[in-house]
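Asker: The lines below spell out each chain.
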Amino acid sequence: MDENNKKIGAVMVVGGGIGGIQASLDLAESGFKVYLVEKNLSIGGVMAQLDKTFPTNDCSMCILSPKLVECARHRNIELLTRCEVESIEGSAGNFKIKVKKHPRFVDVSKCTGCGDCAEVCPVEVPDEYEENLANRKAIYRPFPQATPGAFGIDKSGACCECMQCEKACKAEAILHNMLEQDIELNVGSVIVFPGFDEFEPKLREEYGYGLFSNVVTSIEFERILSASGPFQGHVVRCSDKKTPKKIAWIQCVGSRDSKIERGYCSSVCCMYATKQALITKEHSPDIRTTIFYIDMRAYGKEFDRYIERAKLEYKVRYIRSRISEVKEDAKTHNLKIKYEREDGELVTEEFDMLVLSVGLDVSRSAKDLAEKLNINLNSYGFARVDSLEPLKTSRPGIFAGGVFSGPKDIPETVTSASGACALASALLSSVRGTLVAEKKYPAEKDVSGDIPRIGVFVCQCGINIGGVVNVPLVVEYAKTLPFVVYAEDNLYTCSQDTQDTIKEAIAQHSLNRVVVASCTPRTHEPLFQETIREAGLNRHLFEMANIRDQNSWVHMKQPREATEKAKDLVRMAVAKVSLKEPLGRISLKLTSRGLVIGGGLAGMVSALRLAEEGYEVYLVEKEDTLGGQAKDIYYTLKGEDVQKFLSKLIEKVTSNNKIHIFTAATIEKIEGFVGNFKTTIKLNSSLKELEHGAVIVASGANEYQPTEYLFGKDKRVVTQRKLEELIATKKLNVSNQSSIVMIQCIGSRCDENPYCSRVCCSEAIKNALALKKMNKQVNVYILYRDVRTYGFKEDWYQKAREQGVLFIRYEEDDKPEVKLNKDKLEVLVKDLILEEKLLISADLVVLSTATVPSEDNKELSQLLKVPLNEDGFFMEAHAKLRPVDFATDGIFVCGLAHSPKFIEESICQANACAARACTILSRDELEVEGIVAEVNELKCKGCRLCKEICPYGAIDVELKKVLGKEKEVARVNPALCKGCGACSASCRSGSIDLKGFSDSEILTQIGALV
Amino acid sequence: MQSVENRIKEKAAELLTTKKVDLLIGFERGTMPLRASPAFIYDEADIEKLAWNSFCEMNLARYLTRITSKRVGIIAKGCDSRAIAALVVEGQVKREQIMIIGVPCPGMVDRRKIEKEIKGEIDKVEEKKGEIIVKGNNFEKVFKKNNYLYPCCKVCKHGNPSIYDILIGEKVKENSKVDEYAEITEYEKKSPDKRWEFFEKEVSKCIRCYACRQACPMCYCEECFVDSFHPKWVDKSLDFSDIAIWHIMRVYHQTGRCVSCGACERACPMQINLRFLTEKINKDVKVYFNFEAGLDLSVNPPLAAFDIKDREDFIDTC
Amino acid sequence: MKVKEPKIVAFLCNWCSYAGADLAGVSRIQYPPNIRVIRVPCSSRVNPLFILKALQEGVDGVLVAGCHPGDCHYISGNYLARRKFTIFKNLLDYLGIEKDRVHFTWISAAEGARFAEIVKEVTERVKKLGPVKRLVKNRSA
Ligand code: SF4
Ligand code: SF4
Ligand code: SF4
Ligand code: FES
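Chains as they are written, first to last, in our numbering: chain F, 2 to 1011; chain Z, 13 to 330; chain C, 10 to 150.
I should point out that these hints are in silico values taken from the structure, not numbers from a laboratory. Possibly wrong hints are sitting among the right ones.
[Said to hold, decoys possible] Pairs of lysine-lysine residues, derived as DSSO-like cross-links and limited to a Cα-Cα distance of at most 30 Å, are as follows:
hint, chain 1, residue 1, chain 2, residue 2
1, Z, 213, C, 146
2, C, 13, C, 129
3, F, 859, Z, 106
Given only the sequences and the hints, what does the whole structure look like? Please build it.
Answerer: In structure tokens, the structure reads:
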């Protein structure tokens, strides 16, 4: 193989939003070197600006920031912030990429993030992170959790070069003369996640954005809601900073609007507007909230339930109407909104604040980036992808996802990120592990039984601590504490040279435990732990006292008290560390093989991908043949041939010698845990045991079997799938007079199945268009509740309308009726505009039936010990950031087993599962963090309390011989324990303790406090 | 009640002879009048000892966690059966190894109250339809049972066994209307200082003999937290704070587990009012989690479960 | 004589509340210096005994904080904690231990200002109560 074709075990990820972050972490965890390229100062993207996330109302920053830290810390990830891709050469497997690094004017390795510089900087400019609702300095950090945490200077007009910051910075990190740099990188694949920008609302001037001060965009409103935002989370309007009484949201601003080249639906606005209204109500229950919308597109998992909650519990008012005009009352700055009620009447209503639910534009940098990478875009400027290959760009080796390939919410973005990783990882499987860093450490000193010898390092943090706390006094005090044999102060304890000092002190004074009194362990503990590990001490013989973030910074005017508090905190840390024991990282063997349950499309895709990534796979299907539900789908909305794709896929799966297929097989038993599962399957009435390290649940779902509308009684009433089959197999003839009536939401959004089946609207439109193609004159009616053609599917909805498909909306409590008049089929439906019943005679009535959970889910969920949601679909670990994981490590879910979805979405998820499974299967051994629970078997009575409450199912109660006596005792599986300590705080007899945060350690801290 | 006693004997004989159980735990007449004590019958020959009367207040479930026999029959009143059920849920007793002979309980009589009203040696005690007739050398006194019940029995709503294999005797009519926590609710109305005064007064009497723990069917730890050396939660002192922590934690550990049998209080040689602690916990468990211990084998006790919709009115929202 | 400044211990879960406390620092929001934080993985790690021990040692006030319901890093830890402290807090109150000695709340990683607010509030209330007496160990005996 010649040089240029040699594959490279590194991947470039472009874009540091949540998608790019997920992709980087997945790849880094599966043995690839990652370059994460971000144009801004920090990674985090738009998610960092959000307040809460729907439908769980999770705090966005709370769930994002651990990922930021993880990214910054990962040994295989190199963060390239302030960087942009310049050019690319080469081909899949081996690309050469030029990256331009814009100067940040601050040395990231030296900056401690103390903020002294910003303190003295005289220039204030609008803060883009706060959506210009607040100011920042010319030297700034976009947000407190920014990663990297270093500051940067805005020289695009802001910085006046007064050099004040340079003087203030004790760490000498500021370099006003920093230059632009060119970097050349060699990677095997590129993953592109440039994300999105919000629609610029000035393009729809009728809403008065920019003219009326109380009209804000939804992203501005996110900042207003945020507790760390410009108004500390108080909902106030901009004109007078008073709490508004009435807020309205206008949906589809910059979406579903072909006049301004945004014909697509942005997919997320209905939900985020609902979330904002709901959170507003939580903040101030007296504010009245109204959402003006066209269709309520709550198509996702748990979405409809969320809307119902907003309506019933929070009294959010929903009005189905387009707004024709917004006017401002010049005196009160209130807004008068003119809209048409559904009965056609025009009304004007006054609000004191207006939120524009702006749509998602493709990132403004995307066009340029696409040109440089030489990949194709669609007419809207998003990446062009195929429904059956939703993650591949037009250029081999370059994968894309997130909003770049179409509007998406966070979980779908995260899913596509993992999915893209699977493709990159399959492409580069032969060079996996070739470029990752392995670090060698000296052997750990055995300190067990030794009397503690503690070293204390107290940080001045420039003047951040030293300016308030009398640090030398704290050092002197530390020296008087039991077991302390050495103490010193440092200008910056985290600086590189202090790390060397610490190591020297450990050697010189035979320290066996270390305390650092400085900033917060949340960001700095790993650094110091690394240092003492390099000096031969176990990482856990360490403790931090937070005397900056929780002391000097918050008691700036009380130096005496702050000094006393620092002493207390040091005393507590010393007391705790003196009890600390080395904690092992436990290593477990693992089986690098996957099990995929379900041989439908999702199952096959994930099996194939895992095989391509280099792992053996067991594929277990309960039916005799592979294919699942996809067997009944003939074409996609865009027109791709599904059957051809399916048979090719089956062919690939069956011919891949890494995939072992078991059809007509059922799962009998699943034992074990991540890395080491043992599954028993039943095959022709004989049992077979399979060993594997990960499980992918792709067990599919069923089609709802209707009982309504004469289905089964009259042959002319068929399901949407049947219609598709009739069309595809050319068994249907339609004439000019033919009348076909489709009824939506059969078995969906009802009491029995309160969720939306997501695909039915688009499927109906797909088939309606096919009918129109057969005969332009044919009459097609679609009786719907909301048309939920999100994303680019909206285009086909518009097309259907243009072609004369008639859409008639009905209300849930006034459903259409299907009647037999002699032998003629008739449909009766209320026309909501004319307020009267319409009678349509039909040659064919087509029912858009729901996707319902498989009846096997329950049993499977019990076998796997993973949960189902209220609707009976499998429930992922976290609705936003772990969309295909279960809370139990090593088990993943994709396809219809997760919730109703389109083929392309199933494919994304299937790939994502393969990538997530790969982060486990690619390891040589499973390393388990030392902070786990431990049972004292002598004391334990096996009462099961801990077992019942452990959120990770890490505890079992088993019969054991303890001191010659048979008894039941709890057993913690360290591979599953995540170290929350719930068990240990619950055990009445104190028989289970959490290492690293043990009862004794916490008790000494309490004792040392006074 | 005579007939119940006989039927207990019959059943016991049957179970022992057919070897359905190796041991039968029941009650026998105590060596002193007005008393019963636990009977451990391994042998048919001892069956005659078995008794059933108004003084069988002990909670026999207590013994289940301390015996080694494989198959045990046990006489169970309402509270015994609830304790057994709670122990089954906590894995301390295997349901299939226990043959529960349920006996509906009309309430047990507090002998101390009777003794107080009697001077002189008791020769004989008889029971007749809600009355206790105590005969002595030169006296005969009739006591209306209902006026002499234990405090826990007075307000008991679960006289009938919650789980059993065999039921002997007629089910009693349970008083579902009684407010078993009325006393607690009343007490809650006192000022904090008054409450503290009372708590201090009661708990100061404690001599740390742990008789309450010994009597409680739900106390089965290998080593109680109060005895633990590593970590040392509570000093072995008679400092009020140590005693108080012992009582607070003991009762906290009973959250959702206490079956209101009153064994702890009866066992206390200092006659500390322990019910005012246990019943507070039981009340809150009922109010907040709508749970009562030992009624249902399929429901986890409240601290071993949670509900997203749990109330949280104790949370500070400043 | 100057009155002794009260000391208050705060058990903060690592993922939300401790981060919220850090954020108060990053935002330089000032609050009274009486608080001493003990970092725990999750609010579910807090054993009620810790609280009793703190009071016994003479700590004048206790604050326990975790992630808001639904946000716990360990999925359900705060729901478990909530149950524990429902019972425990009521019990303390019932016994006559001053309501304002022991506090529970939820603080998210974004609520730096709220953390400061709560510390202020708790400190004030504890100050009003004066030094802890009930449950304190009598060291002279
Ligand atoms: S809670 Fe304690 S006694 Fe009960 S099983 Fe767990 S470790 Fe054992
Ligand atoms: S520490 Fe948490 S995760 Fe670990 S065993 Fe205990 S309850 Fe389970
Ligand atoms: S705490 Fe007292 S009343 Fe409750 S079960 Fe135990 S002994 Fe019976
Ligand atoms: S991690 Fe914050 S409460 Fe559990």
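Asker: Hint by hint, where does the structure go against what was stated? Just the numbers, ascending.
Answerer: Nothing - there is no hint that the structure violates, so all of them hold.
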